[in-house]
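Enquirer: Chains as they are written, first to last, in our numbering: chain A, 34 to 266; chain B, 34 to 266.
In short, the hints are calculated from the structure, not lab data. Here a beta-carbon is modelled for each residue, glycine too, at the ideal position from N, C-alpha and C. Check the hints yourself; a few may be wrong.
[Stated by the list, open to error] Just the calculated beta-carbon pair ranges, DEER-fashion:
1) B:Ile258 x A:Ser168: 51 to 57 Å
2) B:Glu250 x A:Thr84: 46 to 52 Å
3) A:Glu103 x B:Ala257: 40 to 46 Å
4) B:Glu250 x A:Glu77: 47 to 53 Å
5) B:Asn254 x A:Lys235: 29 to 35 Å
Next come the chains, spelled out residue by residue.
Number of protein chains: 2
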Amino acid sequence: MTDDSQLGLRRIERETVQERVYAILRDKLMRGGFAPGQKLKIAELAAALGTSAMPVRDALNRLAAERAVESLPNRGVRVPALSKDSLQDLRETRFAVEGLAVERAAANMSSETLANLRRLIEAQSATDAKHVSESSAEQNRAFHFTIYRQSNSSVLLPIIESLWLQCGPYLRIASEMFDGRDGRGIDFHVEIVDALARGDAKAARLALQSDIGRSFELVMNEHAIWQRRGGIA
Amino acid sequence: MTDDSQLGLRRIERETVQERVYAILRDKLMRGGFAPGQKLKIAELAAALGTSAMPVRDALNRLAAERAVESLPNRGVRVPALSKDSLQDLRETRFAVEGLAVERAAANMSSETLANLRRLIEAQSATDAKHVSESSAEQNRAFHFTIYRQSNSSVLLPIIESLWLQCGPYLRIASEMFDGRDGRGIDFHVEIVDALARGDAKAARLALQSDIGRSFELVMNEHAIWQRRGGIA
DNA sequence: ATTATATATATTTGATCATAAACCAAGGGG
DNA sequence: CCCCTTGGTTTATGATCAAATATATATAAT
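Full structure from sequences and hints, please.
Expert: What follows is the structure in structure tokens.
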């Protein structure tokens with residue numbers, strides 16, 4: 034009975050094609066690479082990625098199950114165009130779920146993780162100053178998930194990732210906008226880390242909710258403008 | 034431009050085979066029809082259902098994305114065997130998510146829905162008296178989701194369904210157990226409906242959490258016994 | 001006897017093909 | 001003139017097949 038669990042070794046993962054395709058599409062979705070309302074066609078994606086239709090099909094199915102795209106029966110999938118109500122819905126849910134995650138993370142905070150978080154803030158304020166907006170969104174993502182991972186919850190993490198995927202096409206705008214107005218985007222991040230450092234879970238949750246709330250404010254504004262211009266799709 | 038959205042009509046769904054297979058497997062999962070640790074083989078299921086492998090494959094992929102089954106790379110899927118930590122994780126998450134759902138539902142409660150809920154409680158106490166345990170679980174499910182639907186959240190509902198799927202193989206035992214001890218399983222249900230009737234969202238949430246917490250207590254007990262008997266898988 | 005190697009088997013994963021469902025445009029009847 | 005129908009086209013969906021990967025079995029060597 035060879036039990037590897039004592040050796041501290043991780044199973045080497047032989048990356049399957051479906052996994053690869055999924056990761057690529059998911060990444061593009063998350064960073065807003067597809068427009069809301071856009072239809073995604075299997076053959077097209079398969080050709081672009083140089084694979085057969087099958088792995089693309091599986092990946093799209095998976096993304097549909099995670100609500101990153103919506104599946105129209107017999108008519109493929111498209112990235113959802115969210116109404117204002119849906120956005121508020123998403124915001125409230127993110128408050129609850131990510132709020133819980135940060136509270137739980139507060140209990141497991143190590144000094145290394147705190148140092149990492151401060152490093153991430155440094156890096157972000159540096160790139161913010163240089164107005165490199167795409168990587169700003171990526172850094173924001175890294176910051177948040179570094180915290181969420183410390184919640185040690187294999188239940189919460191997939192839910193949060195699904196929520197971020199659903200927000201993806203819209204949050205991109207948010208991170209671009211508060212990049213423009215003199216880099217104040219990381220104020221709440223500092224607040225969060227300070228609260229975590231002194232083990233104040235409740236304060237960390239409130240600061241996080243402010244952070245989420247502010248980015249949604251920007252999205253909602255932009256959304257109202259789109260609507261006035263005659264809809265999205 | 035024929036816009037059906039004003040007519041209150043729902044699109045008639047031409048049920049695809051994959052959908053059908055998914056519904057069947059999901060249902061069996063939810064009611065604990067597969068044992069924790071059990072491996073699900075595509076060919077086997079396809080033969081049993083009288084279809085080709087393809088729809089089964091798609092359905093299993095979808096269930097894997099919803100965390101109802103775990104997918105081992107190149108080795109198919111199996112229904113997860115949850116540790117005690119995972120169960121606690123699930124409980125805390127259900128507190129947060131379903132708690133939010135019931136609070137939001139409290140704001141949208143109609144008198145018809147309240148009447149429906151009381152009817153469901155009546156029906157459940159009737160079947161509980163007759164010790165028909167399988168349908169008791171089904172009625173419990175109906176009761177909870179009647180409430181959650183009133184939250185009017187297309188974001189929360191899929192998350193809750195995923196959480197119930199993950200609990201499925203374990204919660205079955207719970208509903209069977211508190212069926213045995215003189216039908217006191219619906220006390221909290223009465224409490225929830227009363228709170229909803231007087232619009233007390235916070236009380237409804239607390240009663241719901243008690244309801245969830247109690248069923249998890251039973252599951253945890255049972256889980257400890259299994260562990261002592263030498264593990265599940 | 002036990003470990004290592006090789007073979008065989010089982011099962012997923014990826015590709016290709018057939019079918020059928022939904023969209024779009026053009027034409028015929030009211 | 002408009003609506004309904006009808007064809008063609010596009011696209012997903014379902015079936016089958018081939019390739020790759022993991023597990024189990026058996027055989028041989030130390």
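Enquirer: It remains to establish, for every hint, whether it holds in the given structure.
Expert: So, going through the hints one by one against the coordinates:
The hinted range of 51 to 57 Å is satisfied by Ile258 (chain B) and Ser168 (chain A), whose Cβ atoms lie roughly 52 Å apart. Between Glu250 (chain B) and Thr84 (chain A), the C-beta spacing of about 49 Å keeps the proposed range 46 to 52 Å intact. For Glu103 (chain A) paired with Ala257 (chain B), a C-beta distance near 42 Å keeps the hint of 40 to 46 Å intact. Between Glu250 (chain B) and Glu77 (chain A) the CB atoms are about 52 Å apart, so this pair conforms to the stated range of 47 to 53 Å.
Take Asn254 (chain B) and Lys235 (chain A): their Cβ atoms lie about 32 Å apart, and the range 29 to 35 Å holds.
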